[in-house]
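Novice: Next come the chains, spelled out residue by residue.
Protein chains: 2
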Amino acid sequence: MKKILDNLITLSGWEIIEKGYDKSGVIISGSNFMTGNGYLGYRGTAAEEGKEDYAGCFVTDTWDKADGKWEELCNVPNALFTEIYCDDIKLSPKKATVNEYQRKLNLKNGVTSISFIMEPVQFSEEKFASLFNIHIIPQKITIKTDRKTKLKVVEGIDADVWNLNGNHLKEIKFGNIDDMLYAESITCEKAQTIAVLSKTVISNIDLSNSPIEEKAYKYTRTVEFETDANQEITIIKYMICYHSNNVKNPLEHCLADSKNLNYNDLRKLNDKIWEENWRRYDIEINGNIQDELAVRYNTYQSIIATPIHDSLPVGARGLSCQAYQGAAFWDQEIFNLPMYLFTNPEVAKKMLIYRYNTLDGARRKAKRLGYEGAYYAWISGKTGDELCPDFFFKDVITGRPIRNHFNDWQIHITPDIAYSIWQYYELTDDYEFLRDYGAEIIFECARFLSSHVVYKPRKDRYEFVKIQGPDEYHENVENNAFTNYQAYFNFEKALRTIEILSDNDLDKISKKINLLEWEIKLFKEIYRKLYLPQPNEEGVIEQFDHYFMLEDVVPASKIKERLIRDDEYYGWPNGVALFTQSIKQADIIQLFFVHPELFEIDIIKANYEYYESRTLHFSSLSPSVYSIIASRTGHIDEAYKNFVKSVYIDLKNTNEAISGGTFIGGIHTAASGAAWQMIVKGFAGFKIQNEQIYLDPVLPEEWKSISFNLFLDGNTYQIIIDRKEMKIQFEKRNEKYSKLIVKDTLYALNTGKTIIPF
Amino acid sequence: MKKILDNLITLSGWEIIEKGYDKSGVIISGSNFMTGNGYLGYRGTAAEEGKEDYAGCFVTDTWDKADGKWEELCNVPNALFTEIYCDDIKLSPKKATVNEYQRKLNLKNGVTSISFIMEPVQFSEEKFASLFNIHIIPQKITIKTDRKTKLKVVEGIDADVWNLNGNHLKEIKFGNIDDMLYAESITCEKAQTIAVLSKTVISNIDLSNSPIEEKAYKYTRTVEFETDANQEITIIKYMICYHSNNVKNPLEHCLADSKNLNYNDLRKLNDKIWEENWRRYDIEINGNIQDELAVRYNTYQSIIATPIHDSLPVGARGLSCQAYQGAAFWDQEIFNLPMYLFTNPEVAKKMLIYRYNTLDGARRKAKRLGYEGAYYAWISGKTGDELCPDFFFKDVITGRPIRNHFNDWQIHITPDIAYSIWQYYELTDDYEFLRDYGAEIIFECARFLSSHVVYKPRKDRYEFVKIQGPDEYHENVENNAFTNYQAYFNFEKALRTIEILSDNDLDKISKKINLLEWEIKLFKEIYRKLYLPQPNEEGVIEQFDHYFMLEDVVPASKIKERLIRDDEYYGWPNGVALFTQSIKQADIIQLFFVHPELFEIDIIKANYEYYESRTLHFSSLSPSVYSIIASRTGHIDEAYKNFVKSVYIDLKNTNEAISGGTFIGGIHTAASGAAWQMIVKGFAGFKIQNEQIYLDPVLPEEWKSISFNLFLDGNTYQIIIDRKEMKIQFEKRNEKYSKLIVKDTLYALNTGKTIIPF
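Chains A and B, in that order, give the protein sequences.
Numbering of the first sequence is given in the working numbering, commencing with residue 132 and proceeding in unit increments.
Numbering of the second sequence is given in the working numbering, commencing with residue 132 and proceeding in unit increments.
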């Protein structure tokens, strides 16, 4: 048994167990113990819990705006709702004492469960979002009493759900058919139909005569019966959910899926798919079971947040709640996609096709703001139209909303997507993808950038003005280095794509998007003359023009003393960080993360050392990037410290759930995706450059060894690194990635060969 | 007798009289009744008053920064300080009852006086800032009692002065010589020496034996004597002030000037110079004595704010207090200079030479902010270095300073100065001025603009981004139309100057400032392709890009309801006006004011009608501009309404003295300068275009006639306009301005000819 927190342990490194019910922690536990499948996310709450306990089942592709401001995913009616009364006393984990209660999430198969004892009852429940049929969540409750009791089960659908910004479901229509209960409702803004169905089996009890009633947005059946001593009662429920964005008649689909359901069969099928997942994605860490658990936990959250059934966004909080609107940020490409890219490129491809499908939304955004091409949404839902409201945070002191400019000044999202397209193409040589999807995106991104960039005639160079880099506390800056470099690569790749595409294919795409000769010339001109901030004499690159002239507060955290209220927003337009060099998150450092080849290690080191102490790490995207760069620059202790910061963000609940009056809690999906990268790109030092595999391993002190799999060019490579040596194992030899470079030494890649890199 | 306010009257239209002492109004009355001469401004307070009564004598060219933030003029020790005790009771206007007290400012000769009765004493005092010797303020106190009394006079120097931002004077050294008292002090930041001297004559009393003492920053002599019934006692004091920015040894100069002083002689010399002033600048308004008084009052304030003795700035609050730092804004060129341009061009030239003398400061500002050429200071003192602090206002709710961008984004000040240079040159044909001063300014301004402007390659045009127009509530905008047009004219005039200058002169100037061929080409290129926002279908020009997309609140004043506190700042970064179309002051309308020839009257009218209801008029620069344009567009009632708003700003104290926590009270010198323009450019419709005089008179209902003088090409023209006809009288006929256009009809200009324009 290994402790993560006082009340949080793991046994084998495959499960997290919460000991003792803590009412104040339910908003966290609900996210942390959730189950999901990329289509829906069901929070790790008990069957009897409701909105006051932050119960919720968030379903992708149900975006709706109820308050005229925040478009968010619906929390659908909870069809697993079950209250059990034993001799008229309600069973509830809230009443169990610490030792008798445990909540558990099994990462191996995504089963989340709760068990407790409330004399004379031993209660346990478990559920999982099926990976086999993503519309179903099977739930099993088992009750055992050591004496004869009178049991009452009130079960059905609870439509009185938790929402962040307004009620999304109206015209809730409850009904029952063949002893199953259902609820159909219409979404507030877009009038989508959402149907949930509850199918229940209680041991061998006939439910057909049990009374059903509708009351206060709940539609429930009450079943009463007596139990013998030591009799085990099983209540199995299946929640099935469809909505009209998937299918024409959601309720009919629910009903169709309700036939021939078997809990154990569904469990087995689910277990099997999870087994396959872990074969691809698992990382073993020998020597520290908590860290191993934490990485797995993050990978688990990353997987269940990814809608591999469709081309839909990976939400910045996955499907754990409505925060960040169930929508994709740049996190998707930069933090979540790389694990798939190197282990399951088909999923990466699907994620990128989502960006292709949302090109029109990005075009609309560009046009609306006076630009051309594709300006990707900062917060992107199904259509790619911008979901980020103009006023994101508020001034908690005056109560006035703040006009944040995430949605109109943070342009780097666009070249970040072009970058990922290229990452995928370069790794896979998937010409068809480039032709059918990638080229158009890259061109439209370059087109947008060419409509945003400005030329300074006296400097004879192109610049980006009035933009916002990854460090969101400093809005409205000039030449954010990260943005300028990303834009530069976008133009480079656009020109490269033109070379790669066959004349015929280029011609077709050019015609489709009306790409003209003068535009290509303009891309070349901008590529040639775009201002790329260079390291200064100390080797440090200025984050944006005049950044070095800002007040220098070291360490950054000292600015906390200037807060008037703890919950106020630090950034634009008048927060405590704005006029200082204190930055929210990795910005320049992010550049070395996405382009490890760009600068010599001395420069990276100088920048790491300058910016680390000026970074507040108030974004969950920050520690992982610093960890990876610290691994590269020989700051192993700091690499591990930031690794820990990142992988335990959710498990240890280290980040603020509310900022500037806006709820931003839930699972930090980018950090989830970053866990894999911190091991593989960070500690193992993996990168691909010029079709060669690079590894440059360093291990934190406590770790004995790590091992993980890469899937490159149709081949699985197992990498095992211990404190003395490393080994790569694979089945067949590849043409493309046949060379390995470890710490500047070139090796021919042979399976099983042992290399001593230290 | 005509009332202006209940306690404010005029008799002849040449004086303002305040009846009844009002403690709460002293900060206003002190400014309104002040005397001055462009070198110093002495507030209209009583001789016994001190800092708590906002007494003050502000001297130009004494800029000093005591608090590390605000550079402001010094309030020098008050050498007119005089307390009088009658039978041990102090005489004070505060103790006089309403009917027995009056404060008076005689505009005819700049004498400010106070008189009151405090039984048994009849008290009166008067003083004036000498125009003959600008270092001297003579003061005469007369006391008469109807019975025998014991009088005690405590007089000398009060160095405990009122300051807005820190004490500027340190090491105050008091002393006396030849029965005269003096104070020498050193300024806090720049270590300038300031000397004041007090010379006193009390009837025929010998002062040599009176005790002198120093106490609490006061250095006083006490003189005691008895008076007979009905004896008149006269206390004459001369305050003399010099500082080390003028002369090497200020005290010596004070002493030199103290010889042979005679109050009556100084008065006579002063009266004579004022008489000459009024011959040039006076406007007669027949039919409304208050309005006539008000215009005169504004002209008076404009004159005493103008340092014609030197090339120094006209302060935005003149020399009435320390607000706005005794420094020049664009107000100087656009609001104050035109009266001089058309009546006394030598003064206008001096004002422009001030801008020439501060070119280096403007160059330093440009360089510091990453630009080239001359970026004139938003708040300009002696050197032209930027005096505007980064944090001008504060958020009164949170107490946090606000980073206003007057000092780095409000670029139109630069082309505004080039514009005035051209106005002067065009009117006077003063080639020597253009060669020796103007050309260099115009080139350096164009150079700055060419380093700020950006080229948008896909639009094939130049734009200005991240700027701030005259409407300061909307900082950080693109293509503020006023700015773009002013920049356009700057480039035009730069190119025109190149044509006008002789090859030799151009060569010399080019060499001096290293103006190269490619730069001139660039000026041409920008001139050709600069984006000039055009009227939309309704004829309205958008104030800046996307302005029309902002929330439309009509009338603008409705946004007041959104205030949390009355004294909060309305603008950037989160004030109530920022996200609405409510604007602080004339912006587009300002464009028609400076370029009346630019658009047809229909366009001007459409813009007037659109923007008037969206303007808050929260700048004292706003109503006058609207008045002038309203005169042109046939909105005579509104023209008069805004004229009234502008000319009574100070007399009726209509504007806020504090905004966003910063004191901005005192005389609104721009409005003072605008009074003349509202009559001449507004109601009389005067402009010069293509060397022709245009007049297009309209008169407010109550006015019977107006008359004023213009001084063009060495010739004085008297213009008399009544409700039926107009007449121009002059001595000799000019070549240059020999044609007159009145309402589209061309007239040969003959003296005394009557034209019926209506």
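Keep in mind the hints are simulated off the structure, nothing from the lab.
Please note: incorrect hints may appear among the correct ones.
Which copy is meant is left open, so a pair is good if it fits within one copy or across any two.
Stated by the list, open to error - Mimicking DSS-like on lysine-lysine, the simulated pairs with C-alpha atoms at most 27 Å apart in a straight line are:
hint: 1; residue 1: 590; residue 2: 655
hint: 2; residue 1: 321; residue 2: 182
hint: 3; residue 1: 597; residue 2: 525
hint: 4; residue 1: 154; residue 2: 691
hint: 5; residue 1: 660; residue 2: 587
hint: 6; residue 1: 590; residue 2: 643
hint: 7; residue 1: 590; residue 2: 689
hint: 8; residue 1: 643; residue 2: 587
hint: 9; residue 1: 346; residue 2: 283
hint: 10; residue 1: 660; residue 2: 597
hint: 11; residue 1: 281; residue 2: 346
hint: 12; residue 1: 660; residue 2: 498
hint: 13; residue 1: 301; residue 2: 134
Novice: The structure should be examined with respect to each hint, and the outcome stated for every one.
Specialist: Status of the hints after comparison with the structure:
no.	hint	result
1	590 with 655	both (18 Å within a copy, 17 Å between copies)
2	321 with 182	within (23 Å within a copy, 67 Å between copies)
3	597 with 525	both (22 Å within a copy, 24 Å between copies)
4	154 with 691	neither (29 Å within a copy, 45 Å between copies)
5	660 with 587	both (10 Å within a copy, 14 Å between copies)
6	590 with 643	between (36 Å within a copy, 22 Å between copies)
7	590 with 689	neither (38 Å within a copy, 46 Å between copies)
8	643 with 587	between (32 Å within a copy, 25 Å between copies)
9	346 with 283	within (17 Å within a copy, 93 Å between copies)
10	660 with 597	both (19 Å within a copy, 22 Å between copies)
11	281 with 346	within (24 Å within a copy, 96 Å between copies)
12	660 with 498	both (25 Å within a copy, 23 Å between copies)
13	301 with 134	neither (45 Å within a copy, 67 Å between copies)
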